[in-house]
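Enquirer: Each chain is listed here by its residues.
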Amino acid sequence: MSANTSIIMPGERVTLVEDAAKNKRVILGPGLRRLDDKVVASKAGPLRHKEPNTFWVDNYQRRYVPARGDLIIGIVKARAGDLYRVDIGSADMASISYLAFEAATKKNRPDLNPGDLLYARVLNANADIEPELVCVNSNGKSGKLGVLQDGFFFKCSLNLGRLLLRESCPALAALTEELPYEIAVGVNGRIWVKAHSMRETVGLANAIMALEQAGYSEIEKICGNLNGVVQA
Amino acid sequence: MFLNANLFEPGKSKSERSFIQSAVKQNTRFDGRKSNEFRDVKLTFGSDWGTVAVSMGDTKVLAQVSCDIGTPSSARANEGTLYLNVDIKGVAFLDEIQSTHDQRFLTLNSLLERTFRSSRCLDLESLCIAVEQHVWCVRVDINVLNHDGNLYDASTIAALAALMHFRRPEVSYAEGEIHTFSERERELMPLLFLHYPVSVTYCVYKSSSHPLVDPTLLEENAADSIIVLSFNSYQELCTLNAGGTAPTNVRTIMQCARSAANRSKAVVQFIRKALELDAERRLQPNRVAGLVDLLNDTAPMLSFKHLMEQEMQMEVVQQSSCEEPIQPKETVAHEQLHKVTEIAETPMDESSWLPSEQNLQQEQLVEDVPQSLKESTPITATTSKSKPNRGKNKASKKQQLTQRKQDQSDSEEEVTLIL
Amino acid sequence: MPSKTKPRLSRGLLDMKFMQRTKVKVAKEDDDEQSRALYSNELNQKMLNSNSNYIIEPSYTICAGLIDGRLSFRGMNPELERLMELEQAEKQGNTRPEQPKEVNDQEMADAYYANQAPAVCKTMNKKFATKNEFNKRKSNNGNPKWQKKGQFKKPRADDDED
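Protein chains in written order, with UniProt numbering: chain E, 1 to 232; chain D, 1 to 419; chain Y, 1 to 162.
FYI, nobody ran anything at the bench for these hints, they're computed from the structure. Any given hint might turn out to be false.
[As the list claims (entries may be wrong)] Simulated coverage check for chain D against chain E, where a stretch passes if three residues somewhere in it have a Cβ under 8 Å from a Cβ of chain E:
no., stretch
1, 23 to 29
2, 196 to 203
[Stated by the list, open to error] As a list, the in silico EDC-like pairs of lysine to aspartate or glutamate whose alpha-carbon atoms are at most 16 Å apart:
no., chain 1, residue 1, chain 2, residue 2
3, Y, LYS154, Y, GLU79
4, E, LYS43, Y, GLU102
5, D, LYS14, E, ASP150
6, E, LYS50, E, ASP37
7, E, LYS141, Y, GLU79
8, D, LYS42, D, ASP224
Values in this document were obtained by computation on a predicted structure and should not be read as measured data. Just so you know, even glycine gets a beta-carbon here, dropped at the ideal spot from N, CA and C.
Using the sequences and the hints, build the whole thing.
Expert: Here is the structure:
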């Protein structure tokens, strides 16, 4: 990821991307839009670029907009016929079929109740229909997906979720040095953590929430202090 | 962070709820407070009279008092009116459906109505200009800016502080004509109070016998029942609101009531002090603080911890100079609070109405609390605690006593039955 | 009309159990054709012909290359950590670790020559050879290891993935 920190505003024409598109194909991520042969920003924030050809706007946002393939945490709200309604923080309630779990059959339904947490993948995301989730991969195995038991759960900005999930993010590694833990980070700005004791869990959650205001550049510095936050 | 850290309400998932339950069992809270520790209350007075913003942690409430000349109702021809308007649209994003929004609104509204209107804390007769013709109509607009739990306390503190801060212009009435004096002609007049009520909120959990005071939104949503008690500065009960499913016994409620009474007294003291400081500040020029300052936390704030700590130190010094050796300075707020109230308290007939260990006496106390509620309506500002008609009620009291052999009350109905 | 004469599989055939995959394929083709027909009058020539250099990707996960958010550290959830390790290994090597061979190449070749020699004349011979003789011949070759009985390895679940 290049250290490009130019801030763009909605409606602004992004010539940088247009130049790049002259001689190769370019992937426009969220926040960028194509109008005929111009590229225009639709969100405000720093323009990010990933080699070789991906551009997107990393805007500050709390409301999750579902996108296909995202891994999210949802709260089961209700059971409706063959479906469970799941709150994933988007404008619409998402749905998950009871067959979308490992080894589930019509006879053998998964035992989900309102209030349960699900770590699931967005299968379908469309502006006009409600998002659909799955808890299995293409082989019918659950893998990392499924119900999250115990632990503590909290919500944060979408940016914090994304920040933690960057491959080079030092935060989780820094926390690993403090204590053993288990975590699920949804890109819909929801985080579930579990440590051995309650005190540790509280410390862990507070440490992660302390990162809320961090940017890419400050995060290293804050990670140095995480130790103190966990202790306190 | 000014807004709730998310657009959604915490405490809607099982893991959050069970986590809080087990945390309560182990006597820890998420923000590191003790179970009987309050968040710091901060008051910010606006440049207009009767404009106050209250913040308790991330909960923020803005109250604004205005007045108008109107006609009285025929039933109470010689009294002004007090109108309370609650607006929680600022936190409407928390509600998934309309009904939860309405629920939240109604509970808050009814609490405020009972705390301020039904308890008759304002001397409404003093707001009368001409009987059956002209009275002052006082209106309190309470605007919830952010909700992180304990909206009840924040709103009552905001409303009370705003009412106490408010000044109305003086008027003269002669030959059917009202003349309103401008601020230059005559000084503005504060409202007259009969008593000063403030609420205190507790959360009760099934897993623990210790209720949590001043809950955050997460704690509130995970709670099995919520008890809201309004006390005035004379430690008289004005409102009791208890619901939910947790088995609350009389002892728990009395425990809450006792500390709530102390807390209310301290809060009213704090508001008075804050008003004094604000009056001083008003004499100096350039003290305009707008909404933007408020949002940025740059407006001059008066913090409960800060103010009461000062007072504590003063009192300790005074006390130590005459009789006691210097006590170590405490840093924990609730302990200070407790001490402050103890020191500042005028001798009251506490023994008669606060619960002792004996069960029978405890029963009596429960009877006493609602009595003081009844009494609180007509009292004047100078009386402290009076129970003139205790003997009269004795017979009925005994009846109720036998009725309530088992002092477990699981639901709101039963609590109201006791009352 | 070539399009009309295009052969179609009967429904009875498609409903048979072994035709399920083809059935899905046929259904998809039908769907595509229908949607093409539906939008054909709305798509203009420019839209069809312009090959743009832009690809729209609405997901942050894919754009920023975010990792899976389900992690466990220092033995909190061993099962999960095993999954993480597997994934890590796959990402680094991008080749799965080679399955150890029960019979090495040399042995395989020996066995081949011992068992069914390429010469035609020996095929008939072999027919009459007893098992005992076969073993004798092999031990003459000086490879006593062959005594070990070969076994099948259990196939892996993801063997046929790619």
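Enquirer: Taking the hints in turn, state whether each one holds.
Expert: Each hint tested on the structure:
Interface restraint, the stretch 23 to 29 of chain D with chain E: holds (3 residues with C-beta to C-beta distance below 8 Å; minimum three). Figure legend: the stretch 196 to 203 of chain D, annotated as covered by chain E; annotation inconsistent (0 residues with Cβ-Cβ distances under 8 Å, at least 3 required). Between Y/LYS154 and Y/GLU79 the alpha-carbon distance is near 22 Å, which puts this suggested pair outside the 16 Å criterion. A hinted pair counts as satisfied when its Cα atoms are at most 16 Å apart, and E/LYS43 with Y/GLU102 does not qualify at roughly 59 Å.
As the CA atoms of D/LYS14 and E/ASP150 are separated by approximately 8 Å, the hinted pair is consistent with the 16 Å bound. Note on E/LYS50 and E/ASP37: the hinted pairing is violated, with a Cα-Cα distance of about 21 Å set against a maximum of 16 Å. Distance hint between E/LYS141 and Y/GLU79 is fulfilled; the C-alpha atoms sit about 14 Å from each other, no more than 16 Å. A hinted pair counts as satisfied when its Cα atoms are at most 16 Å apart, and D/LYS42 with D/ASP224 does not qualify at roughly 28 Å.
Taken one by one, the earlier hints fail for this structure at numbers 2, 3, 4, 6 and 8, listed in ascending order.
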